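In order, the protein sequence lines correspond to chains A and B. To convert, note that position 16 of the first sequence is 16 in the working numbering; the numbers rise steadily by one, no gaps. One rule links them: number in the working numbering = place in the second sequence (from 1) + 99.
FYI, nobody ran anything at the bench for these hints, they're computed from the structure. It cannot be assumed that every hint is accurate.
To be verified - DSS-like, lysine-lysine: derived pairs with alpha carbons at most 30 Å apart: (1) A:K67 to B:K357; (2) B:K387 to A:K59; (3) B:K371 to A:K67; (4) B:K164 to A:K54; (5) B:K258 to B:K304; (6) A:K59 to B:K357; (7) A:K59 to B:K371; (8) B:K164 to A:K95; (9) A:K92 to B:K164.
Here the structure is a predicted model, which means the values were calculated and not measured.
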Amino acid sequence: MASRGVLSRANRIKSRLQSALQPTIIEVEDVSHEHAGHAAVRETGNNETHFNVKVVSSKFDGHNLVKRHRMVYDLLSDELQSGLHALSIVAKTPKEHGL
Amino acid sequence: MATFNMSFLTQPHSSLPYFPNFSSQNTPSFSSYSLPKTSLILPSFTVRRQNRTITRRIVFVAALKKLSETDPLTVPVQPNEISARFPNESGVYAVYDSNGDLQFVGISRNIAASVVSHKNSVPQFCSSVKVGVVDEPNRTALTESWKSWMEEHIATSGKVPPGNEPGNSTWVRQPPKKKADLRLTPGRHVQLTVPLEDLIDRLVKENKVVAFIKGSRSAPQCGFSQRVVGILESEGVDYESVDVLDEEYNAGLRETLKNYSNWPTFPQIFVKGELVGGCDILTSMYEKGELASLFKS
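One chain only, chain B, in its complex shape (with noise of 0.2 Å):
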């Protein structure tokens, strides 16, 4: 008999905003960047054999049918009818490929939706697909039932399934990673051979937009610099962010900043090595509709 061993790789969450940069000294602020997922990242996990019996899983999963039990789905191709064959509820569910072969187990806050993304991107291997709804889906509800189709597949089959392995990213959907803050100098302990004024000189010219804000893009600390990151990331631009509250790599950078633009205030936009403005007139040319042309070119 087998009995396994679930190590989480990382932990399920359904609605925290991805945060790959956040330093430390940064009080945890609310991020108007909340991405709504519906798919739950995954548990992954390693299987041992051992002669020990399988403990019985816990009474809430009762009310789940059996992997073995439930009839797949077939998955049309249309979204529209795939959200109409399957619910939108929360639950666990099984992806099984044209060769009646189990790809993928997951949780979702929307199965349908799930669904729908995965034909999206891996269309050869969603023909089919089992449903368990999970009343009161909290948590701890849709992990254990995962578990518990899991095991039941593990148990008969021996084998996890390959969507589920650990390292496997071919169903998991990541967040869209954000571009991590350019920093000016290797850090406060390092002496520095060039003027930092040269340095914010040579930064603005051999890249196309800089945005010096407050804060990091992914969680900026003041309204104007998050106005402004919300502007560069609604327009598709791709663009240069420097933490000027930064004090570990950017020390010394709001006055030297403010003496080489000839300009008090933060956030500041630069873009081919000359100053655009601050907040107010990168929202009014935003307003005006002029933005397109000032990045395009």
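This is chain A alone, in the form it adopts within the complex (with noise of 0.2 Å):
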């Protein structure tokens, strides 16, 4: 299981994402602050509990947009069961971004 180790909730994120996604363009955002009155963030005590995540791969090929949230999804399943609580996710091809 993940530890939370030094690193960031963030960062954790960001290179998980980062080695198994190759993207071209990553982005990632904590946005707890703004769910500061949710359920959730209270029972938990955590503040590391939502993100806005931007990927851009061309891994993203050919999958639709349920398939791509599920690959982020896998990846992160370990944040996700020790206090990740949300996950706003943007997740393109580099094509469909405009590169």
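Dock chain one against chain two, each of which comes alone in its own frame, and use the hints as you go.
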């Protein structure tokens, strides 16, 4: 199981997605403060609960949105089981992104 | 002499959203579906004849003319003509049919709008309307004005206007009742004979569109769920909603559903038995205009 370690969750997310998806663009943003009143945030007492993730990778080619999101979720399953509560995902191919 | 016992069956309220399925465990949170209502839901009442004098109403309705002293205005057919003739003010109004019989006495925050609405729904009753604008129209002033006209009419005619009788909903605009959320089980106390996963499977296959959300559809408890409900409502989709936070009727749903759909977050939207995705995907489809075809098929 993933330990907290020294890296922040945002960094762990980034490195995990980076190594698996080799993205041309990757942005990970911790927006937990925007959901501070949320029931889940209160109960875990955690503060790294909600993230925005933007990934542009050719590995998404040929996959529909559901499949792409599932890929991201699968890569982050450890985080999801240790307090990561919600992800807003933007998953595009380089062509879609206009690169 | 007649006296009146006004037992208020429904409180008039002007701006509260309607929560037909408000479970007690939800903290009252602000719903994004506030309904701008101009016609107020009215109290209805019973009449008793007794040998007592009517106590005079208090001073602030003195500014209001008596019903008998107010001239009726004919209601034109076109809505824009109605808006031109009637004031956009708050006050009390009395609707007469073509025989000159009083059908209904109402209060409104915007009399012209109310008249337009009544003319639209019950044109056969809306021949002319008497108007009493109320200055400083707080709820008490409006209600008292309404009462004074009602009393006056009842004193002279001995009857309650048909539209004001208890149970008559011809004139009162009810907010569109939102569908109730679906419950997966009859309650925690009841032992399930079928595994929860089967119940979920059955649910998403038997209903075309199912949204598993946090909170109820009338009071979503998370921003993503709220957005999903907003999109579904604005597309006019007939959908079922399931509150995954409901520990009484949907206990254990969150974990089971995450496994069932292989999706770790909520809300989750299913169409024709298949997971379409969460809020992001639904929003993206909505913005691209893909939802219409998805729901229509």
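Going through the hints against the structure:
Taken as a hint, the A:K67 and B:K357 pair is honoured in the structure, with Cα atoms around 15 Å apart against an allowance of 30 Å. Of the pairs offered as hints, the one joining B:K387 and A:K59 holds, with about 23 Å between alpha carbons and a cut-off of 30 Å not exceeded. Simply put, B:K371 and A:K67 have alpha-carbon atoms about 17 Å apart, close enough for the 30 Å limit, and the pair holds. Pair hint B:K164 plus A:K54 does not hold up; C-alpha atoms about 66 Å apart against a cutoff of 30 Å.
The straight-line distance between the Cα atoms of B:K258 and B:K304 is roughly 55 Å, outside the 30 Å bound, and the hint therefore fails. The straight-line distance between the Cα atoms of A:K59 and B:K357 is roughly 25 Å, inside the 30 Å bound, and the hint therefore holds. Using a Cα cut-off of 30 Å, the hinted pair A:K59 and B:K371 holds, with the two alpha carbons roughly 28 Å apart. Of the pairs offered as hints, the one joining B:K164 and A:K95 is violated, with about 72 Å between alpha carbons and a cut-off of 30 Å exceeded.
The straight-line distance between the Cα atoms of A:K92 and B:K164 is roughly 68 Å, outside the 30 Å bound, and the hint therefore fails.
In this structure, the earlier hints numbered 4, 5, 8 and 9 are contradicted, and the remaining ones agree with it.
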